[in-house]
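**Q** Hey, can you work out the whole structure from these sequences and the hints?
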Amino acid sequence: MCRFRRAIALCLLLGGVLAGLAAQPVVRLSLASDSLRVGEPFEARLEIQHAPDVVVVFPSRRTRLAPFELVDARAEPTVTQAGRSRDVLTLALRTFEVADKQVLRLPYAYLSGRDTVWQTIASDTLAMVRLAPVPPGEEVGYRHSEDLMHWTLPRDYSWLVLLLAIALFVLGGVVFFLRRPLRRYLYLSRLSREWKATYRELTEIGALGQQEALFAQLNGLWRRYLDPDERLGLASMTTTELQQGVMALTHLSTHQQATLLEAATKADRVLYARLDLPPGEVAPLLRNLAEVLRATYEARRRQLLTSR
1 MCRFRRAIAL CLLLGGVLAG LAAQPVVRLS LASDSLRVGE PFEARLEIQH
51 APDVVVVFPS RRTRLAPFEL VDARAEPTVT QAGRSRDVLT LALRTFEVAD
101 KQVLRLPYAY LSGRDTVWQT IASDTLAMVR LAPVPPGEEV GYRHSEDLMH
151 WTLPRDYSWL VLLLAIALFV LGGVVFFLRR PLRRYLYLSR LSREWKATYR
201 ELTEIGALGQ QEALFAQLNG LWRRYLDPDE RLGLASMTTT ELQQGVMALT
251 HLSTHQQATL LEAATKADRV LYARLDLPPG EVAPLLRNLA EVLRATYEAR
301 RRQLLTSR
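Residue numbers for the sequence shown follow my numbering, so the first one is 1 and each next one is one higher.
Among the clues, some could well be false.
Computed spacing ranges between beta-carbons, pair by pair [unchecked claim]:
#, residue 1, residue 2, range
1, Leu164, Glu69, 14 to 22 Å
2, Pro154, Thr63, 31 to 39 Å
3, Val55, Tyr157, 52 to 60 Å
4, Tyr185, Tyr157, 56 to 64 Å
5, Pro154, Val79, 49 to 57 Å
6, Thr265, Thr203, 16 to 24 Å
7, Arg302, Arg231, 18 to 26 Å
8, Tyr185, Asp229, 17 to 25 Å
Hints were generated in silico from the structure; no laboratory data involved.
Cβ coordinates follow ideal geometry from the N, Cα and C atoms, glycine included.
**A** Here you go:
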């Protein structure tokens with residue numbers, strides 16, 4: 001009776017072991033060739049047989065298979081027959097490592113219930129086929145070559161960019177240190193242009209034959225030039241107000257200030273009293289006004305040169 005019980009227990013144990021073995025996936029790795037050539041793709045076939053409730057995970061394109069490179073991978077649909085499922089993955093691999101013998105190792109995983117099992121299957125040793133035979137007595141490896149390789153590289157313009165950056169930096173420094181002299185030079189140029197334009201206009205006014213038109217333009221010309229920003233309000237002053245206004249023009253002498261009052265008085269006589277001046281009085285007045293305007297230009301120029 002005791003032997004019978006032991007036999008039954010042994011049978012149950014063997015049945016459980018066989019059932020567990022039957023539930024374990026069966027993995028086969030087959031290669032299309034048993035030799036390798038540097039850089040030449042070869043085909044590997046990974047076949048996994050498993051229970052229908054087991055999920056198989058094949059290597060992805062990001063899986064590191066060094067020293068091999070994964071060129072392509074094609075997975076076949078799962079086939080289930082007689083209570084067993086089969087998954088097949090065909091891979092195209094290549095290697096650039098120079099070695100006499102290499103071994104391919106492929107990782108895979110299968111999910112059974114809540115468990116994830118990672119495994120690795122290795123191939124048989126793969127021999128490297130040499131494209132050129134190695135003479136007896138020489139070591140296998142790279143050999144020195146006397147042939148020079150000529151490379152045509154694109155032109156490098158980084159030096160030009162560097163020179164432009166240096167030039168801009170130097171130019172910016174020069175402008176920074178010379179900003180005041182440059183500003184003074186620009187102001188002097190503008191003063192010179194304004195004076196030349198005013199003197200040219202004064203000459204054209206002197207050529208007018210009609211005194212009314214002459215004094216109308218002359219009266220506005222010297223007032224604008226002496227008070228360009230209208231701080232003193234010379235343009236709107238009457239002759240009586242002008243007697244006090246010209247006192248603010250400190251750069252003019254007493255004789256030059258009197259010339260301005262004379263020009264305003266004679267303009268009133270011609271424009272408002274409708275009385276023409278004797279021909280001999282117009283030319284000296286124009287010369288005196290030209291001296292006043294010239295003195296104003298020189299005073300402004302001296303002030304600009306002495307300023308910091």
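**Q** Work down the list of hints and note, for each, if the structure agrees.
**A** Here is how each hint holds up against the structure:
1. Leu164 - Glu69: 14 to 22 Å: 44 Å, violated
2. Pro154 - Thr63: 31 to 39 Å: 36 Å, holds
3. Val55 - Tyr157: 52 to 60 Å: 56 Å, holds
4. Tyr185 - Tyr157: 56 to 64 Å: 36 Å, violated
5. Pro154 - Val79: 49 to 57 Å: At roughly 54 Å between Cβ atoms, Val79 and Pro154 fall inside 49 to 57 Å, so the hint holds.
6. Thr265 - Thr203: 16 to 24 Å: 23 Å, holds
7. Arg302 - Arg231: 18 to 26 Å: At 19 Å between Cβs, range holds.
8. Tyr185 - Asp229: 17 to 25 Å: 22 Å, holds
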